[in-house]
Amino acid sequence: QVQLVESGGGLVQAGGSLRLSCAASGRFFSINTMGWYRQAPGKQRELVAEISRGSVTNYADSMIGRFTISRDNSKKSVYLQMNGLKREDTAVYYCYGRSSWGTDYWGQGTQVTVTV
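Terminal number for the sequence shown in my numbering: 717, no gaps in between.
Worth flagging that the hints you see were computed from the coordinates, not collected in a lab.
Just so it is clear, the structure is predicted and the values come from calculations on it, not from any experiment.
Some hints could be false.
Stated by the list, open to error - Derived CB-CB ranges, DEER-like:
# : residue 1 : residue 2 : range
1 : Arg-620   : Glu-689   : 17 to 23 angstroms
2 : Gly-666   : Gly-627   : 29 to 35 angstroms
3 : Gly-627   : Val-717   : 35 to 41 angstroms
4 : Gln-602   : Arg-688   : 32 to 38 angstroms
5 : Gln-604   : Arg-688   : 20 to 26 angstroms
6 : Gly-609   : Arg-654   : 34 to 40 angstroms
7 : Ser-701   : Gln-614   : 23 to 29 angstroms
8 : Arg-654   : Arg-688   : 21 to 27 angstroms
9 : Ser-675   : Trp-702   : 21 to 27 angstroms
Where is the CB? At the ideal position from N, CA and C, for every residue including glycine.
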């Protein structure tokens, strides 16, 4: 089992920045890809960004140039630096980890609210 705990969400004005963190515990050695999804009210959960164990990254188109995902395997953590936040970035952000055999693990989510 793998446990994921997010932190760093909150309230920010449009144009501002936030940094989300996700700390893993348990069988972290089994995790290859880590990343972030988000879910806004009334919408489906969508990919924000993901990063492989070797730090190959993948971003949703709307995040490119504004969000940066990074990973520190020694700290069993993944981060999401969000700059230039927009009102439409308001959502619950979920950290996830995918094991080498395809099992997905999810955090409990952290709320990000962007005000204008």
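We went through each hint and held it up to the structure:
1. Arg-620 with Glu-689: 17 to 23 angstroms: 19 angstroms Cβ-Cβ, so the 17 to 23 angstroms window holds.
2. Gly-666 with Gly-627: 29 to 35 angstroms: Given range 29 to 35 angstroms: holds, Cβ gap about 34 angstroms.
3. Gly-627 with Val-717: 35 to 41 angstroms: holds (39 angstroms)
4. Gln-602 with Arg-688: 32 to 38 angstroms: Given a distance of about 37 angstroms, which is inside 32 to 38 angstroms, the answer is holds.
5. Gln-604 with Arg-688: 20 to 26 angstroms: violated (32 angstroms)
6. Gly-609 with Arg-654: 34 to 40 angstroms: The hint (34 to 40 angstroms, Cβ to Cβ) is violated, given that Gly-609 and Arg-654 are roughly 22 angstroms apart.
7. Ser-701 with Gln-614: 23 to 29 angstroms: violated (41 angstroms)
8. Arg-654 with Arg-688: 21 to 27 angstroms: violated (34 angstroms)
9. Ser-675 with Trp-702: 21 to 27 angstroms: Since Ser-675 and Trp-702 have Cβ atoms about 23 angstroms apart, the given range 21 to 27 angstroms holds.
Hint check: violations occur at hints 5, 6, 7, 8; the rest are consistent with the structure.
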